[in-house]
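Q: Hints are included, so try docking the two chains, each in its own frame, into the full complex.
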Amino acid sequence: MKRTKLFPQLMRAAFLSFIAALVILPLLATFLGGFKTLGELRAAPFGIPSEWSFTVFVDILTGSAFWGYLRNSLIISLSAVVLTVLCASMAAYVFAQIRFFGSRYLQSYMLLGMMFPFATAIVPLFFQINRFGLLDNPLGIILPQTAFSMAFAVVLLRSFFQQLPKELFEAAYVDGCGYVGFFFRFTLPLSTPILATVGTFVFVQSWNNYLLPLVVLNEQSLFTWPLGIMQFRGEFIVEWNRILAFVSLTILPALIFFTFTQKYIVAGLTRGSVKG
Amino acid sequence: MTLTTPAGPPAARRRPSGFARMRTDGSLTALILFLPPAVLLFTLFVIWPIFSAVDLSFYKWNGYGDVTNFVGLRNYEILVKNSIFHQSLFNSLKLLLASIFLQIPLALVLALLLYRKTSANTAFRLIFFAPYILAEIATGLIWSFIFDGDYGISAMVANKLGTEPFYILADKQWAFWTIIIVVVWKYFGYHMMIFIAALQAVPSDLVEAAEIDGASSLKTIWYVKLPMIMHAIKLSVLFAITGALQVFDIIIPLTNGGPSNSTHSIVSYLYTFGLARMNVGFGAAVGVVLFALCVGTAFTYKRMAIDKGGQL
Numbered sequence: 273m274k275r276t277k278l279f280p281q282l283m284r285a286a287f288l289s290f291i292a293a294l295v296i297l298p299l300l301a302t303f304l305g306g307f308k309t310l311g312e313l314r315a316a317p318f319g320i321p322s323e324w325s326f327t328v329f330v331d332i333l334t335g336s337a338f339w340g341y342l343r344n345s346l347i348i349s350l351s352a353v354v355l356t357v358l359c360a361s362m363a364a365y366v367f368a369q370i371r372f373f374g375s376r377y378l379q380s381y382m383l384l385g386m387m388f389p390f391a392t393a394i395v396p397l398f399f400q401i402n403r404f405g406l407l408d409n410p411l412g413i414i415l416p417q418t419a420f421s422m423a424f425a426v427v428l429l430r431s432f433f434q435q436l437p438k439e440l441f442e443a444a445y446v447d448g449c450g451y452v453g454f455f456f457r458f459t460l461p462l463s464t465p466i467l468a469t470v471g472t473f474v475f476v477q478s479w480n481n482y483l484l485p486l487v488v489l490n491e492q493s494l495f496t497w498p499l500g501i502m503q504f505r506g507e508f509i510v511e512w513n514r515i516l517a518f519v520s521l522t523i524l525p526a527l528i529f530f531t532f533t534q535k536y537i538v539a540g541l542t543r544g545s546v547k548g
Numbered sequence: 005m006t007l008t009t010p011a012g013p014p015a016a017r018r019r020p021s022g023f024a025r026m027r028t029d030g031s032l033t034a035l036i037l038f039l040p041p042a043v044l045l046f047t048l049f050v051i052w053p054i055f056s057a058v059d060l061s062f063y064k065w066n067g068y069g070d071v072t073n074f075v076g077l078r079n080y081e082i083l084v085k086n087s088i089f090h091q092s093l094f095n096s097l098k099l100l101l102a103s104i105f106l107q108i109p110l111a112l113v114l115a116l117l118l119y120r121k122t123s124a125n126t127a128f129r130l131i132f133f134a135p136y137i138l139a140e141i142a143t144g145l146i147w148s149f150i151f152d153g154d155y156g157i158s159a160m161v162a163n164k165l166g167t168e169p170f171y172i173l174a175d176k177q178w179a180f181w182t183i184i185i186v187v188v189w190k191y192f193g194y195h196m197m198i199f200i201a202a203l204q205a206v207p208s209d210l211v212e213a214a215e216i217d218g219a220s221s222l223k224t225i226w227y228v229k230l231p232m233i234m235h236a237i238k239l240s241v242l243f244a245i246t247g248a249l250q251v252f253d254i255i256i257p258l259t260n261g262g263p264s265n266s267t268h269s270i271v272s273y274l275y276t277f278g279l280a281r282m283n284v285g286f287g288a289a290v291g292v293v294l295f296a297l298c299v300g301t302a303f304t305y306k307r308m309a310i311d312k313g314g315q316l
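Residue numbers (the numbering used here), protein chains in the order written: chain S, 273 to 548; chain V, 5 to 316.
Fair warning: there could be bad hints in the mix.
To give an idea of the interface, some chain S residues facing chain V are shown, with a C-beta separation under 10 angstroms as derived from the structure [said to hold, decoys possible]:
id, residue
1, L278
2, P280
3, L282
4, A292
5, I296
6, T302
7, L333
8, G335
9, L355
10, L358
11, F373
12, F390
13, I394
14, P465
15, L483
16, F518
Incomplete in silico selection of chain V near chain S, CB under 8 angstroms [what the hints assert, rightly or not]:
id, residue
17, M26
18, P41
19, P53
20, I54
21, L60
22, L114
23, L130
24, P135
25, A139
26, A159
27, G278
Capping the alpha-carbon separation at 25 angstroms, the derived lysine to any residue pairs in SDA-like fashion look like this [stated by the list, open to error]:
id, chain 1, residue 1, chain 2, residue 2
28, V, K223, S, L278
29, V, K164, S, R314
30, V, K121, S, Y377
31, V, K306, S, Y377
32, V, K121, S, L294
33, S, K535, V, K121
34, V, K121, S, A468
35, S, K535, V, A205
36, S, K438, V, K223
37, S, K277, V, K164
38, S, K535, V, P207
These are computed hints drawn from the structure, not numbers from a lab. We put the beta carbon where it would ideally sit given N, CA and C, even for glycine.
So that you can see chain V by itself, here it is in the shape it has in the complex (with noise of 0.2 angstroms):
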């Protein structure tokens, strides 16, 4: 998923551009044929949803019959002073710092170690790999068994030591530690994939001669391959970022949000309050600070890390 700006316009016939050329070369047919459907598709549920959202924000509404029902900013103001939504966004950063302090440095050891192209490296990339591939849904009810304490490890451990089972799903506590470890546990290979990548694109010469010039080869990984994979490890932190604030299908089947809300995301926040409920306005007001915590996070940090290091 690139994050630059789009290219300028093709340079491959450079001939006046214009209506009149455009019908004489046929150009134009293709422009009517084959443009509008992506961008009417994309206007109708992509762009009108958002801006519809905006809107949706100010009144209160239950999603029958007319929104009459201005409130201006209350929805926004309930949404600020509320706890749990403060602890679901607390849950996002910890997923992020988890992120950035467990599973990148995670990947990027396994990338490091997994970059050559040997046979036993490709069978440990699949493997890695394929919890990125399962579905969410199925990723969070495996774990679910796992962490039930009637089954799973904890039953297993209960049943050696001869104690009480925990109950690690339903402890406010420790809840969301199973929500880190599945999150771990799922995209850590994700991340490897895109250093990984990096990895064998970084020319060769440049570690050999590292090498010839007697670096270790912690020297060399040091100076060499991790200034040359930089923009990688940026963007991955940006997916990071992304990834974090709109986790939602792992923690529905896992702990549904609870015990007593307290392992909520923001979007499983959006959708047990507002949607289920048919809060509409207070969904949407919802959707509308995520989304401005989305653009805004992945601007700002674009900006700040990856434009400055002029490596995109």
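Here chain S stands alone, though its shape is the one from the complex (with noise of 0.2 angstroms):
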């Protein structure tokens, strides 16, 4: 380490403080907003509130309505997760560990699914969707959205199971364990980082897409918490206390999961970046 001169070092900080600053505090006032009153939150949009008000918050946690969303949001997240994290590793595993004709051409297939946006077919999903019946329907959002995740999840999950010792399948090859058999027993339980940071990262996509659940939900009792914090916008137009209460709830939660497992998104944005 060089030996660093204090006043570029109090630069330093002022600068990342700064900017710091201007990503907290929109976060702040938030948080703080649905504890004030219309009226302070008007003359004090950042201050702290003069008064403390909890009945918002208590409004919205004892309807319904919120939890529903959760609970939909939670349900259509982790089973995305699951699916594609079970589908994704099996064809990542045939991939990485078998050799069969017109392997290469499957694999560049499967790749042509990070070039483009899912909205690009979204006119065209909608009524795919609605041909399987599946409108209004939390599988009609499961099963996209894992379709979309699929070509990612296949390319870490591929490269990953490529870097498993070999000698460890020639072993149990021996001792009688199938492919399929190893599989399960080996590849999956080496795996587990690499699973998280693909289960991590589909969970982050999922929970906060928006566009696919307001093509496919028009039922309300099925919203997801985007399109709930939409519909509630609409209800509380000008009344911000309750919509900054009600974006507090719902990424108050999500901002300390993705803390606890911020590494593993972190591993799923960067391992293609500096591998190449």
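A: Structure follows, in structure tokens:
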């Protein structure tokens, strides 16, 4: 380490704190906003509430809509995670472990999925989901979500599976363990970090997804929380303290969860860019 | 998200590949059990809709009954002549420029300041990365409060100065700036993380050698660190391109494309004029154009910037 002088150090700290304030202040205003009356919110949007009012939080938390939205989002996101991790790891295992005719083409085919956002196909996707009778059905979100996460998941998992020691498979094979058995007994247990990365990533995408539920769901009792929050805003258009309280309640659990799983998310983001 | 082509088949078991071999060694069972779910889901919900979009884009259809009203390239003609669509293309371009000239430089500076592993650095990184994790919808809502003329910043300033508040979200000239600000706010941490990972992978003896040779820290950055993470920067630009083309969720709560349709992105344009109004064929045509733009720019950029460098 070089010895660093005081002045540049101070400049650095000031700059970082400034950027951090720009990030934190909007979030802080949101969290505090729910505790304020409308009048105070208008007068001092960023200040500490002079009187902490809990009514809007109590209203939201005792109503059924909020919990319904969270439950729907949780069911959909967790299902998408399980389905993606399962299907993608099985496919990735085949690509990594078994040589067969067409493997290369099939992998390029799956890679196509990483080239475009699913908004491009949202119109026909709507009719495809309708054809399967999955409109207003959580499966109508879970299946397309899984399909669109598949390419990324397969690529990450395949490259991980390929790095597992080959000798392990040889040894297990000699001992009578087949391809299928090896996958469940060795490959999956040895790959928990990458499975967590893929799982967290799919969870974030699914949890935050807005366009797909917007198109698929019409019935309010099935709404995921991003739809619910927009619905809520429509109802309380100028009651910003209610809206901010609702936003706080939905982003707080997410922020806490994602703070703890951050390393998996970052691993997923950067794996490709560093190794190339 | 890698963009590399897949590696060849694993060289683990160099035995003649063939159907008979696969039947005897049991790999065929695994193939039949393991491959179809992923391939089937992918085909039904990703590939099929894309092809279907191309087909639908030649029809005028309101979503009910049979698709019979073939109109050829009409939908594309309307699209090419539509000034709102031009505006949404231009908006995507503005977002891209903001990404390249504001977001990525900021992310780069922060990454250079924070890539060493200390607890203070980790805390800053966590803060800067937090917006990326927030849902776009929540982000848009939070900022629509901040920019609201009756509350938020504008109301605060107006109160202090005793002037009329500025309703920036309803201002045709300035509304898109709010979207640029929010996009930069939300994604700079993402680019920063990519750069940090790349900087941490730079061999430390290289940096030390430069420092022993008496290079100033600016020179070390310019001649050693930046060239070593060039591949990450190029990838970041690629993500910025694809990102700028697909902004949607942020715009809906902020401006909903308004005022007078001046702040649409391509996707919000697609949603508003295609899907919400059940102009199925037209929406499909916008989707096809978006697809072509994504794949086209990604391919061109990859060929021009990334493959040529030979770093990937």
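Q: All hints are to be evaluated individually against the structure, with a verdict given for each.
A: Hint-by-hint comparison with the structure:
{"no.": "1", "hint": "L278", "verdict": "violated (15 angstroms)"}
{"no.": "2", "hint": "P280", "verdict": "holds (9 angstroms)"}
{"no.": "3", "hint": "L282", "verdict": "violated (13 angstroms)"}
{"no.": "4", "hint": "A292", "verdict": "holds (5 angstroms)"}
{"no.": "5", "hint": "I296", "verdict": "holds (7 angstroms)"}
{"no.": "6", "hint": "T302", "verdict": "holds (5 angstroms)"}
{"no.": "7", "hint": "L333", "verdict": "violated (18 angstroms)"}
{"no.": "8", "hint": "G335", "verdict": "violated (18 angstroms)"}
{"no.": "9", "hint": "L355", "verdict": "holds (8 angstroms)"}
{"no.": "10", "hint": "L358", "verdict": "holds (8 angstroms)"}
{"no.": "11", "hint": "F373", "verdict": "holds (7 angstroms)"}
{"no.": "12", "hint": "F390", "verdict": "holds (7 angstroms)"}
{"no.": "13", "hint": "I394", "verdict": "holds (7 angstroms)"}
{"no.": "14", "hint": "P465", "verdict": "violated (16 angstroms)"}
{"no.": "15", "hint": "L483", "verdict": "holds (6 angstroms)"}
{"no.": "16", "hint": "F518", "verdict": "holds (9 angstroms)"}
{"no.": "17", "hint": "M26", "verdict": "holds (6 angstroms)"}
{"no.": "18", "hint": "P41", "verdict": "holds (4 angstroms)"}
{"no.": "19", "hint": "P53", "verdict": "holds (4 angstroms)"}
{"no.": "20", "hint": "I54", "verdict": "holds (5 angstroms)"}
{"no.": "21", "hint": "L60", "verdict": "holds (6 angstroms)"}
{"no.": "22", "hint": "L114", "verdict": "holds (7 angstroms)"}
{"no.": "23", "hint": "L130", "verdict": "holds (7 angstroms)"}
{"no.": "24", "hint": "P135", "verdict": "holds (6 angstroms)"}
{"no.": "25", "hint": "A139", "verdict": "holds (4 angstroms)"}
{"no.": "26", "hint": "A159", "verdict": "holds (6 angstroms)"}
{"no.": "27", "hint": "G278", "verdict": "holds (6 angstroms)"}
{"no.": "28", "hint": "V:K223 x S:L278", "verdict": "holds (20 angstroms)"}
{"no.": "29", "hint": "V:K164 x S:R314", "verdict": "holds (12 angstroms)"}
{"no.": "30", "hint": "V:K121 x S:Y377", "verdict": "violated (42 angstroms)"}
{"no.": "31", "hint": "V:K306 x S:Y377", "verdict": "holds (21 angstroms)"}
{"no.": "32", "hint": "V:K121 x S:L294", "verdict": "holds (23 angstroms)"}
{"no.": "33", "hint": "S:K535 x V:K121", "verdict": "holds (14 angstroms)"}
{"no.": "34", "hint": "V:K121 x S:A468", "verdict": "holds (23 angstroms)"}
{"no.": "35", "hint": "S:K535 x V:A205", "verdict": "holds (16 angstroms)"}
{"no.": "36", "hint": "S:K438 x V:K223", "verdict": "violated (45 angstroms)"}
{"no.": "37", "hint": "S:K277 x V:K164", "verdict": "violated (40 angstroms)"}
{"no.": "38", "hint": "S:K535 x V:P207", "verdict": "holds (22 angstroms)"}
Hints 1, 3, 7, 8, 14, 30, 36 and 37 from the earlier list are contradicted by this structure; the remaining hints agree with it.
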